[in-house]
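Asks: Modelling step: build the complete structure from the supplied sequences, incorporating the hints.
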Amino acid sequence: MASKAKILKSIQHFDNVGKEIDRFEERIRDAIAEPDCSAALIDVLKSKIEKYEKKLEETFSELNIDVGDEKWEKYLDMQDSLLNCSVSLEKVTHTFKKETGKENLENKNLVAKMPKLELPQFHGEMEYWITFKELFQATVIDNSDLTEIDKLQYLFASVKGNAAKLIRGFAIKKENLKNCWELICERYENKNQLANFQINKLFSIRTNKANSAKQLFEILDNCNESVRNLTVLGLEINQLSELIIINHCTSKLHEEIAHRWELTLKPDTYPTLQAFRMFIESEARALGLLSGNADAPKSKLGTNNASQLSLISGRLKEKLDIPVKSEKHKISGINGVNAETSLHSCTIEFTPHFSSLKFNLEAIVVNKVTSPLPNFQFKNRQFPHLKNLKLADPNFHISKPIDVLLGAEIYADLLEGMPIFGPAGTPTAIPTKLGYILSGKIYAPPLKESIVNSSLNDQLSEFWKLEEVPKTNAKIYPDPCEESFSKSVKRNNEGRYIVNLPFKENNTLGESKEKAVQLLYALENKFHKNKQFKDNFLNFMNEYLALGHMREISQNCDDETPNCYIPYHMVINEKSTTTKCLSLSRVVFNASSKTKNGKSLNDVLMTGPKLQTEIFNHLIKFRSHRVAFAADIEKMYRQILISDEDCKYQRIVWRATPSDSLKSFELQTITYGTSCAPFLALRTLQQLYQDEEQNFPLAAKIARENIYIDDLLSGADTEVEAKSIIIEIQNLLKSGGFILRKWSSSHPK
Numbered sequence: 001m002a003s004k005a006k007i008l009k010s011i012q013h014f015d016n017v018g019k020e021i022d023r024f025e026e027r028i029r030d031a032i033a034e035p036d037c038s039a040a041l042i043d044v045l046k047s048k049i050e051k052y053e054k055k056l057e058e059t060f061s062e063l064n065i066d067v068g069d070e071k072w073e074k075y076l077d078m079q080d081s082l083l084n085c086s087v088s089l090e091k092v093t094h095t096f097k098k099e100t101g102k103e104n105l106e107n108k109n110l111v112a113k114m115p116k117l118e119l120p121q122f123h124g125e126m127e128y129w130i131t132f133k134e135l136f137q138a139t140v141i142d143n144s145d146l147t148e149i150d151k152l153q154y155l156f157a158s159v160k161g162n163a164a165k166l167i168r169g170f171a172i173k174k175e176n177l178k179n180c181w182e183l184i185c186e187r188y189e190n191k192n193q194l195a196n197f198q199i200n201k202l203f204s205i206r207t208n209k210a211n212s213a214k215q216l217f218e219i220l221d222n223c224n225e226s227v228r229n230l231t232v233l234g235l236e237i238n239q240l241s242e243l244i245i246i247n248h249c250t251s252k253l254h255e256e257i258a259h260r261w262e263l264t265l266k267p268d269t270y271p272t273l274q275a276f277r278m279f280i281e282s283e284a285r286a287l288g289l290l291s292g293n294a295d296a297p298k299s300k301l302g303t304n305n306a307s308q309l310s311l312i313s314g315r316l317k318e319k320l321d322i323p324v325k326s327e328k329h330k331i332s333g334i335n336g337v338n339a340e341t342s343l344h345s346c347t348i349e350f351t352p353h354f355s356s357l358k359f360n361l362e363a364i365v366v367n368k369v370t371s372p373l374p375n376f377q378f379k380n381r382q383f384p385h386l387k388n389l390k391l392a393d394p395n396f397h398i399s400k401p402i403d404v405l406l407g408a409e410i411y412a413d414l415l416e417g418m419p420i421f422g423p424a425g426t427p428t429a430i431p432t433k434l435g436y437i438l439s440g441k442i443y444a445p446p447l448k449e450s451i452v453n454s455s456l457n458d459q460l461s462e463f464w465k466l467e468e469v470p471k472t473n474a475k476i477y478p479d480p481c482e483e484s485f486s487k488s489v490k491r492n493n494e495g496r497y498i499v500n501l502p503f504k505e506n507n508t509l510g511e512s513k514e515k516a517v518q519l520l521y522a523l524e525n526k527f528h529k530n531k532q533f534k535d536n537f538l539n540f541m542n543e544y545l546a547l548g549h550m551r552e553i554s555q556n557c558d559d560e561t562p563n564c565y566i567p568y569h570m571v572i573n574e575k576s577t578t579t580k581c582l583s584l585s586r587v588v589f590n591a592s593s594k595t596k597n598g599k600s601l602n603d604v605l606m607t608g609p610k611l612q613t614e615i616f617n618h619l620i621k622f623r624s625h626r627v628a629f630a631a632d633i634e635k636m637y638r639q640i641l642i643s644d645e646d647c648k649y650q651r652i653v654w655r656a657t658p659s660d661s662l663k664s665f666e667l668q669t670i671t672y673g674t675s676c677a678p679f680l681a682l683r684t685l686q687q688l689y690q691d692e693e694q695n696f697p698l699a700a701k702i703a704r705e706n707i708y709i710d711d712l713l714s715g716a717d718t719e720v721e722a723k724s725i726i727i728e729i730q731n732l733l734k735s736g737g738f739i740l741r742k743w744s745s746s747h748p749k
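If you read the sequence shown in the UniProt record's numbering, its first letter stands for residue 1, the second for the next number, and so on.
To be clear, the hints were calculated from the coordinates, so they are not data collected in a lab. Please note that the accuracy of each hint is not assured.
[Said to hold, decoys possible] With a straight-line Cα cutoff of 35 Å, these simulated DSBU-like cross-link-like pairs (lysine-lysine) come out: (1) K91 - K191; (2) K191 - K201; (3) K513 - K635; (4) K400 - K390; (5) K648 - K54; (6) K214 - K91; (7) K529 - K513; (8) K368 - K6; (9) K319 - K300; (10) K621 - K71; (11) K599 - K48; (12) K387 - K330.
[Claimed, not checked] Estimated spans, in silico, between C-beta atoms of each pair: (13) S326 - E73: 20 to 30 Å; (14) S326 - D413: 35 to 45 Å; (15) K487 - Q121: 27 to 37 Å; (16) K526 - A546: 19 to 29 Å; (17) A546 - R168: 36 to 46 Å; (18) K266 - R206: 45 to 55 Å.
All C-beta atoms in this analysis are idealised placements derived from N, C-alpha and C, irrespective of residue type, glycine included.
Replies: The structure is reproduced here in structure tokens:
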């Protein structure tokens, strides 16, 4: 097993490659958008794509086999990004070959990848209607590049709540776009209500006696928004209305600011709203500059001249909202015990509470600096030798959290003069530039304190839980995904399970086939460069088809909406021990690929609760067996069928050679790459144990407790008992269409 340091290093390499690919994708976007982009630059960028593909495969293969859903998702996103880059560059290359001069430059601008914009959302609140209408009209309704079907799907995705109920019954047909949009406009385009709302909003601002930059900007922003929306409604802002607005806003100002506004007025002219806006903005900016650190929080600091580092708590760092630098620091304490690993540092500025003297400090960010000090609160006895001293902390007797620890780097620079000692049992005053800091022992009542080792209790509890039989009744999952599964799961004549995809309520998807086709073309370009890559891929797809895990559909099925086409990639694993292909682990279908309305299949699917237990528990129990054995379930996901009505959301395009015509297929089983796949697979196994418990009671109990995802880790006390368990578990899983393979055992027989 790889060491923890090696695993962390592999993860760091993988994350760094992801950042490089993000920057590279942005570079391609910028290059395509440049009017003087040359064919030579495009060729250089193409060659770099191949290098990044190789780099990505190498770093991903270095990761531990149990990389988790997050790393899989990130890997798929990076594959998708590189394929998108390849498609974009191919389009530009085609443009270079086809046209020259001015037309060539115009076509390059057309293929430039637009930045991703979020759709405006509208939930039926009158106050947001004007903004929503303007944005949606400009970005969707008036967009000539979108089809009527696309616009209608965007509309369905944008309206929520009461607004969505107005158009809920309409089918996805292009003639319904006009009907739906007009219906929503008729409901919310009530100019009288909209105008009254904006006027009420203008005159109901709660700020009074505004004398800070924040309050002044709040008045200004509220005024600007209301006036702008009233203008959109067709109302004219004349001299009288401007005077009324100015008068109201002036009443919300502090007397001094209102007086300064009066001084700017001329007796023979009326003030304008534009002049008032400029005055308020000028005042707000001036207050912002003058206030400086007036709002800076007061914090308690500690000192330690033996500390090599200065520390700041994450709580204070967030409160100050200061930038941080990425730096790794391993922090250890007494006896060399590792306390924490910090990944960030920051520069802070602090001053004493009694002066404007400033100090700068480079501090390491930690979760917690130390416990509150002093560790108990006591009465301030007014020690005589401290009388008239300017203390760094006048409330030294009150226990408070320590947010900053000043280390050896700055400690000596703060010292001034000689310490002042008092009687025994009283604190010593040390003069510093921050004031006198107190140190030493004071006499106080005995501190009654109990120590609770909660981590030890938790570990003991976890140990006993290992032997508990978990309850498997589906009712323990109060989750909509569980409810969807329970209502739809069924078995066919062969005993295999059939499940539905667990969709969210808002599951509208945009057109997706065009992107899937473009990514297939990009994949075929890789085939030309690597014959083994192509052969392995063909073998995988042909096996997928031969096993009945996907089926070809007619081209007429594209007219049936909704549907979803999923792009796919190859995941390379040269150390694979189970695949027949030398370097191919599997083809992964990227259900996170966005459709034209900005949503992916994974966006509209429920993930479901986590069902697998921690692997640590399985390993502990596995070590307790005298005769241990292990196996895994062959192609576990692909032994579970998807219902016919949901297969249309798992479509792909495929052809064996570029000379063949494109064909559409539907994946018939749970697809690796969909967000709900882990839940559906593990929940189906639990359903199998429940359904077959009467026929295989021992196997159901052992499988329930000893299968981790698709790996069986179990054993027995004797060889005879182990063989009996193996036979019964095989029969149990076989009844649901699952086959165990890759058997291994601690016993030679």
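Asks: Look at each hint and say if it fits the structure.
Replies: Going through the hints against the structure:
| no. | hint | verdict |
| --- | --- | --- |
| 1 | K91 - K191 | 47 Å, violated |
| 2 | K191 - K201 | 15 Å, holds |
| 3 | K513 - K635 | 27 Å, holds |
| 4 | K400 - K390 | 20 Å, holds |
| 5 | K648 - K54 | 33 Å, holds |
| 6 | K214 - K91 | 49 Å, violated |
| 7 | K529 - K513 | 25 Å, holds |
| 8 | K368 - K6 | 28 Å, holds |
| 9 | K319 - K300 | 14 Å, holds |
| 10 | K621 - K71 | 28 Å, holds |
| 11 | K599 - K48 | 29 Å, holds |
| 12 | K387 - K330 | 42 Å, violated |
| 13 | S326 - E73: 20 to 30 Å | 23 Å, holds |
| 14 | S326 - D413: 35 to 45 Å | 27 Å, violated |
| 15 | K487 - Q121: 27 to 37 Å | 30 Å, holds |
| 16 | K526 - A546: 19 to 29 Å | 24 Å, holds |
| 17 | A546 - R168: 36 to 46 Å | 43 Å, holds |
| 18 | K266 - R206: 45 to 55 Å | 32 Å, violated |
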